[in-house]
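Student: Residue numbers (the numbering used here), protein chains in the order written: chain A, 1 to 531; chain B, 1001 to 1308.
No lab work stands behind these hints, which were simulated from the structure alone.
Check each hint, because a few of them may be wrong.
Restraint ranges, calculated between C-beta atoms of paired labels, are given here [claimed, not checked]: (1) A:Thr263 <-> B:Pro1218: 46 to 54 Å; (2) B:Ser1238 <-> A:Arg66: 49 to 57 Å; (3) B:Gln1192 <-> A:Ala397: 25 to 33 Å; (4) A:Ala362 <-> B:Gln1063: 43 to 51 Å; (5) B:Thr1267 <-> A:Asp79: 23 to 31 Å; (6) B:Thr1267 <-> A:Glu475: 52 to 60 Å; (7) A:Ala397 <-> B:Ala1198: 22 to 30 Å; (8) B:Asp1064 <-> A:Glu40: 46 to 54 Å; (9) B:Arg1120 <-> A:Gln382: 39 to 47 Å; (10) B:Arg1120 <-> A:Leu377: 49 to 57 Å; (11) B:Pro1218 <-> A:Asp3: 40 to 48 Å.
Computed from a predicted structure; not experimentally measured.
C-beta atoms are modelled at their ideal positions from N, C-alpha and C, and glycine is treated no differently.
Residues per chain, in single letters:
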Amino acid sequence: MFDDYGAGAAAWDEMVDAAGSIRAPYRPLAESMRTYGVSELKASVDSLARGYLDQGVTFDIGGEERPFPLDIVPRVIDDTAWQKIELGVKQRVKALEAFLADVYGPAHCVADGVIPRNIITTSKNFHRQAFGIEPANGVRVHVAGIDLIRDEQGEFRVLEDNVRVPSGVSYVLANRNAMHQPWADTITGMRLRPVSQYPQRLLAALRRAAPQGASNPRVVVLTPGVFNSAYFEHAWLARAMGVELVEGRDLVCSAGIVRMRDTSGERRVDVIYRRVYDEYLDPVQFRADSMLGCPGLLTAARAGNVTIANAIGNGVADDKLIYTYLPDLIRYYLSEEVVLPNVDTWRLEDPGALEEVLDRLAELVVKPVDGAGGKGLVIGPQASSKELDVLRARLSADPRGWIAQPVVQLSTVPTLIGDQLAPRHVDLRPFAVNDGNDVWVLPGGLTRVALPQGSLVVNSSQGGGSKDTWVLAGEQPQSPAGPAVTTKAVDTKAVDTKAVERKPLGRPDHHPAGELVQQQQQQQQQGGPPC
Amino acid sequence: MLSRLAESLFWIGRHVERAEDTSRILDVHLSLLLEDPWAPENVVCASLLSAMGRDVTEGVRTQDVLDMLAWDREDPASVIGSLGAARENARRSREVISTELWESINVTWHDATRVVRRSRPHSFFTWVRERAAAFTGTADATISRDDVWQFLVLGRSIERADMTARLVAARALSGSVGPSWVTLLQSCGAYQAFLRSARGAVEDSRAMEFLLLDPLFPRSLISALLTAEKCLDELDRSGNNGLRHGRAGEASRALGMIRSELEFAPTSELFADVYEVMERVQAACSLCSDAVTRRYFPRDTVTNWLVS
């Protein structure tokens, strides 16, 4: 099966090493794949797609509903690699929290010369409206999605930070559920870290973020509406947490209190997990023409009567120019060495940088600092000379608005394309939830895969697919990472020891006439005695 | 109605419900083993078998559990066996159940023997759940609310109470390594209903309370018991031409007593000895079933001809 696989020489293949043998974490999987054979895998792909259509795990392309593309071959991360990622993501989130608290407060990082003031103030997503909004438990990044890539040497690096409204987590859980079917035996044999506790972790974090005095806080999910491409995820999250999914028009703010309209009147809302961008959130403060938010929301948040998660103004931390300062910020705030390095990046306003980048444009990747979803990204080697000319002009006109990076060959994982396995480039978006005490990282995350051969763009809006991410469990930790449900009333220890002594329950009741039925059947089958 | 027919209806209700509930229980345990990398397979399987009233052997594995509880055609307590038994009973009462209902059961049985793909147990269990829902829906839409209906629902409700008790007992047996309460609720299709009612305060004690005592959720233990009692009342009344309503019969008494225990026991006590309580619930269901059998489906006493 892997004989004519042909892993590219340039990129790090996660399954097959340079000598052509299977890497250790993938071995049981490869064994199962050989047993199944390509035709069986292909049949499973079809049933995955059908399953997603049935469940409504879809996204729209040009008005047509398509199943979310999930490849049959999972990506495997071993325990050691995962522990490093987990540590690195936690560190990153803590540093981002500290940075946001600082820039919307005393701005020590500017006074101490870690980052120039003009870089912060010129960021399009730095919102002065966020000043004076103090989060109840100090958390601004309730959910983070840190995009990672694996470079040619197999090292994980951070590509960008998403601390506004990172999306995609619903697909992680849906993918795992879907993979249970075709890979049941393999999964049991390999022992994977579970992902299913995410909704409860998130809900717990959101409840902890509630304004003080709310004894049983009401959490809602705020969606832009059914036409949003991530609406599936919004509805899924609300259902999985058992909370209300609201639109802007369901909310009403008066006297600094947010309420939602329901059949029994107006009910106070304490925490809003919003999936609406800052600019649309409150027409009084931001875009006056927005119908997606609710007027007065920021006033309520500023008064400390409602928590908006993630916090307003977080976008400044997503800015790709500020991203280049993150290693310095980690050292500055946490006094720690950086666990996950950045990708090397040119700041175009540095002396001589713009000239060098313009000169080598055909071999670099250039990105706008505030682009999301791969928007505006140009890959030099794949661009025409005309495109590069346009780009040159734009870079010279606005060096603050762009960054440049060398082309990193993302790592590859075997992917079923047509009738055969082929290496395709992947990235990884782990999700982290911050409840104020600790940052919890969902084991694995969303692995996105670029389906066209050689393509490095993994965004699903641009023809990317996805893979289930399997994190091997390793040894059982002291406190098992089970569902975030507290054991209160049941003393499980005591139950454990009792289990052995207990006599089993009675057999299920038996239909007394059942034997008669069987007798009759036998008689009929034997034809009975001839008359 | 003929006793024989009433008996068939009662057992159709029980067997269809048994097939569905066993599927739900098995499905949940399968996904537990998939989701929790540290779940010890033998403990989980042994608890499950024990709660389902089967003999536990050393080193039992998932495949053995499936063989016994799902695929065994000879055993009317396995999923396939229950479907077969339901169909056999339906065949004997075709004149009182609607054609649609008969076809629903018959199709299920024929397909079951065909669709069994042992490599895909999860899709089989999903399919059984769907077929059971189709059966329930058809029954709901095509049967008059006379004694036929009462016997059918009585059988279903007693079985549901019995199976829920077993589900909870299995959890009590396997303890901390077993399925979480969340998983248990999911297996009864109750998780989302619970989440909405609890508004995020997800605790084990509340989850258990919901599964045992929630009066609004149709698959809770208390709802099943109440429904069964109502059926018994109705049957009692129609038997007496609606004139008198005297002392509760043996069957009602068994259910009423265990229901009162559940309703009035302090929650903390209930949780402390949940296994014993579930044992009593299960015993009460058996008692009730026997009492119904004695009262409504009297067995023909064998006539002995004495030749002197």
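Student: Assuming the hint says 43 to 51 Å, is it satisfied by the Cβ distance from A:Ala362 to B:Gln1063 or not?
Tutor: Violated, at about 59 Å.
Student: Just to be sure I understand the hint, the distance between the Cβ atoms of B:Gln1192 and A:Ala397 should be within 25 to 33 Å; is that true here?
Tutor: At 53 Å between Cβs, range violated.
Student: The hint says 22 to 30 Å between A:Ala397 and B:Ala1198; measuring C-beta to C-beta, is that right?
Tutor: violated (56 Å)
Student: Falls inside 52 to 60 Å, the C-beta gap from B:Thr1267 to A:Glu475?
Tutor: Given range 52 to 60 Å: violated, Cβ gap about 37 Å.
Student: Could you see if the CB distance from B:Pro1218 to A:Asp3 stays within 40 to 48 Å?
Tutor: At roughly 56 Å between Cβ atoms, A:Asp3 and B:Pro1218 fall outside 40 to 48 Å, so the hint is violated.
Student: So the hint says 46 to 54 Å: do the beta-carbon atoms of A:Thr263 and B:Pro1218 match that?
Tutor: Roughly 22 Å apart at Cβ, these two residues miss the hinted range, so it is violated.
Student: Please check whether B:Ser1238 and A:Arg66 have a Cβ separation lying inside 49 to 57 Å.
Tutor: holds (56 Å)
Student: Look at the Cβ atoms of B:Arg1120 and A:Gln382 and judge whether their distance stays inside 39 to 47 Å.
Tutor: The hinted range 39 to 47 Å holds for B:Arg1120 and A:Gln382, with Cβ atoms some 43 Å apart.
Student: Given the range 46 to 54 Å, decide if the beta-carbon distance of B:Asp1064 to A:Glu40 lies inside it.
Tutor: Violated - the Cβ-Cβ distance for B:Asp1064 and A:Glu40, about 25 Å, lies outside 46 to 54 Å.
Student: Given a hinted range of 23 to 31 Å, is it respected by the beta-carbon distance of B:Thr1267 and A:Asp79?
Tutor: Because 41 Å falls outside the window, the suggested range is violated.
Student: Looking only at beta-carbon atoms, does the pair B:Arg1120, A:Leu377 fall within the given range of 49 to 57 Å?
Tutor: 42 Å Cβ-Cβ, so the 49 to 57 Å window is violated.
When each numbered hint is compared with the structure, violations occur for hints 1, 3, 4, 5, 6, 7, 8, 10 and 11.
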